[in-house]
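**Q** Chains Z and D supply the protein sequences, listed in that same order. Counting in our numbering, the first sequence runs from 1 upward without gaps. Counting in our numbering, the second sequence runs from 1001 upward without gaps.
Where hints are given, some of them may not hold.
Have a look at the derived ranges for each label pair, beta carbon to beta carbon [stated by the list, open to error]:
no.: 1; chain 1: Z; residue 1: R330; chain 2: D; residue 2: E1227; range: 55 to 63 Å
no.: 2; chain 1: Z; residue 1: G313; chain 2: D; residue 2: D1163; range: 18 to 26 Å
no.: 3; chain 1: Z; residue 1: V287; chain 2: D; residue 2: L1228; range: 40 to 48 Å
no.: 4; chain 1: Z; residue 1: G313; chain 2: D; residue 2: E1227; range: 29 to 37 Å
no.: 5; chain 1: D; residue 1: F1428; chain 2: Z; residue 2: K203; range: 33 to 41 Å
no.: 6; chain 1: Z; residue 1: A181; chain 2: D; residue 2: S1395; range: 23 to 31 Å
no.: 7; chain 1: D; residue 1: D1407; chain 2: Z; residue 2: V287; range: 57 to 65 Å
no.: 8; chain 1: Z; residue 1: A181; chain 2: D; residue 2: D1163; range: 49 to 57 Å
no.: 9; chain 1: Z; residue 1: K279; chain 2: D; residue 2: H1224; range: 25 to 33 Å
Note that these hints are calculated values from the structure, not bench results. Beta carbons: idealized from backbone N, C-alpha and C, even for Gly.
For reference, the chains in residue letters:
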Amino acid sequence: MLNPAGNIITKCGGANAVAEILGVHPSNVHRWTYEKSRGGSDGLIPARHHQALMEFARAHGIDLSTDDFFATETKTGETSLGPQFRFRHILGIEGLSAEEITFLLDRAEGYVALSRSRQKKTDVLRGLTIINLFFEDSTRTRTSFELAGKRLGGDVINMSVATSSIHKGESLIDTAMTLNAMRPDVLVVRHPHSGAVELLSQKVTCSVINGGDGSHEHPTQALLDALTIRRRKGRLNDLRVAICGDISHSRVARSNIHLLTTMGAQVRVVGPPTLIPPKIDRMGAEVFHDMKEGLKDCDIVMMLRLQLERMHGTFVPSLREHFHFYGLDRDKLAQAKPDALIMHPGPVNRGVEIDTSVADDIDRSVITEQVEMGLAVRMACLEAVTLANPS
Amino acid sequence: MNATAFINVRLIDPETGLDEHSALLVKDGQIADFGQGLFADGVPEGIETIDGAGLVLTPALVDMRVTLHEPGETQKETVQTAADAAVSGGVTTLVALPGVDPVTDDIALVEFMIARGRETEKINVHPYGAVTMGAKGEKLTEMGLLTNAGAVAFTDGVRAIADPLTMRRALAYASSFNLLIVQHPEEPNLAAGGQMNEGEIATRLGLQGIPGCAEVMMIERDLHLVELTGGRYHVAHISTKKGIDAVRQAKARGLNVTCDTAPPYFGLNELEIGEYRTFAKLSPPLRAEDDRLAVVEGLRDGTIDVIASDHLPQDPDSKRLPFDQAEVGITSVEALLPIALELYHNQVLPLGGLLKTMTANPANLLGLNAGHITKGAPADIILIDPDMPWRIRESDIISKSKNTLFDGRPVQGRCIRTVHQGQTVYKFET
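My request is simple: use the sequences and hints to build the entire structure.
**A** Here's what the structure looks like:
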């Protein structure tokens, strides 16, 4: 069995020393080195302790990196991430198991701590190149990936490709192959057409992370939402989550439905029939057209932006009418549980899908926390795909 | 004199129902004679003899829906490459859609296409004329003059004739010449932006769906106009249960309506799209399994008159794109016979009945002297082995574009020899 915990404990001066550093009982420390079947944690030290150990190591000149908490080279050249995360690409949430999702969230948890410390950089991606290839405008996702790559010590380049010409996408494969020839390690790709990122991934040897493709998937958004929820609620299962608004055009909704149903949450989608795609119930979501009914007893209220740029023709009569029936205000929110969290992937259209006072309610709204979690999740994803793609 | 004797064959004439162990004599490019006792005393000297070894001899196939891409997009297909592909699949009569650019809306183009077909010395090309100028759905073409030049029917090809007033006038005007109007059955405003069949798979993939009812809406609208005008109306590549039910009921009411379907619609369903496989992007889109079964049923009970290949070759640059941007269509003239024969092997139709949907039925619908075994008819005939097992391979495709959806599919039955005007233009080599 791989046992990073054992190595770290040895480096830090043994179980009793570690117990003292962390203020826990030595038996806990011993248990981290046991297998799960013996009540242990399979050689993993819980993420909440990583930062303290890192600081101890730094203060005492012990050679310890964040990588030591997880990855150890095995004889076959496979990393310890191998069995837990086997994918070279992250193209979508569909197809990921609960274990794989949990693995990414656990890794991200460690990076939350890192980003909150004064020294924010590690060298996990030292010497690796990440290209952010965005065929669609983006500020927050691109910045988030850029910072994530840099905090992991990688070299990050941003490329925005104009898509205004009618020939857009024609050069997609050529662009991919050209960039691939420059030997990047990860391409982070956003594209306005569903399936385009997958198509691109088939033509390159580096890893590809989907930064959002058309109305299909936006996997890192769903992961950051999940991390936010897990940190606030302590779990993902047995939660009732309402995703509200423009479901039809939303890749965020699809990725979240896949993730949350995989993790055992109950998912509702709420919106006018024109914005609910056909047969969405077959993906495991319950459909509501009445928002108050849909929000009843929900633990999480996830608001989506009206994607006007993807709408051809009339889907809602007016923004005013949409806000009246499907905008989140105090009155509708009262149907949800008193401690329900309000989430939004951003950018927020105040007064269109959410009332300003609700969006800014520091007790309920976790919108800025989502942004913070996004960075951590993207660090975890960048690390996971590069380790799964040793070439 | 140029004569060939086909002996020891199972002669099937789908038109008359003839199906017997027999022989046939071809002389000067025509069927001179046939019958069980034809060479009872042996074949006379000086006549080439082909021993069919019990294979089926039947009229060469008439494919009533083919895109040739010439002129216009010859990087995808030319009349010559289409001819080479067609004869390997037992097809010698190609009815060519009016194209997109240029559109067959004037006499010169009609004559050009017929001439290009003749030059191949393998096939006959019969062009459709466009119903409206530029297939724009507005101004009617010179249907009478185009017919005199050789157009066999009228359609706007891959575009529906959307405006009901235009359709009414087209049906009414065409009826004075007894011309057939062929419709692409899809309400374009309802289908606008659609990439595939609407439903669970489209929702999962985040692709905009086309609801199945877009087909029946257009068909039912047109049926009212057929009733109003007395025009002759044909629904191309029908693919939904509701659409087929509408045609079935219209036929029962005695309306002058016919329809065809194509191999993907009874051989495949929307699951082929998998993870954005653009080869499976068709128009109309591949439908759900229930619809596929309804197409099979429509063929069984005769509601669907014709099987056409709906050959629409696309080069890699048109398909190696995000799904939204990829072109529709597959190369399929070579797959027509083997995929259709699945209906025979699955006991949906008897062999003669199945062949009729690809010979006599389309020929009669379009008024072509083809697709039947009669003395004096052009000797366009094929020898087929209905049982030979083989696999369709993309690498074996002869058409200029290789975008088959049937790559790797095990099939039974193939064309062994194709004869056009008495000359062997294709022979299968093992």
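**Q** Against each hint, give a clear statement of whether it holds in the structure.
**A** How the hints compare with the structure:
no.: 1; hint: Z:R330 <-> D:E1227: 55 to 63 Å; verdict: 59 Å, holds
no.: 2; hint: Z:G313 <-> D:D1163: 18 to 26 Å; verdict: 19 Å, holds
no.: 3; hint: Z:V287 <-> D:L1228: 40 to 48 Å; verdict: 42 Å, holds
no.: 4; hint: Z:G313 <-> D:E1227: 29 to 37 Å; verdict: 32 Å, holds
no.: 5; hint: D:F1428 <-> Z:K203: 33 to 41 Å; verdict: 37 Å, holds
no.: 6; hint: Z:A181 <-> D:S1395: 23 to 31 Å; verdict: 28 Å, holds
no.: 7; hint: D:D1407 <-> Z:V287: 57 to 65 Å; verdict: 38 Å, violated
no.: 8; hint: Z:A181 <-> D:D1163: 49 to 57 Å; verdict: 51 Å, holds
no.: 9; hint: Z:K279 <-> D:H1224: 25 to 33 Å; verdict: 31 Å, holds
The structure fails hint 7 only (numbered hints given earlier).
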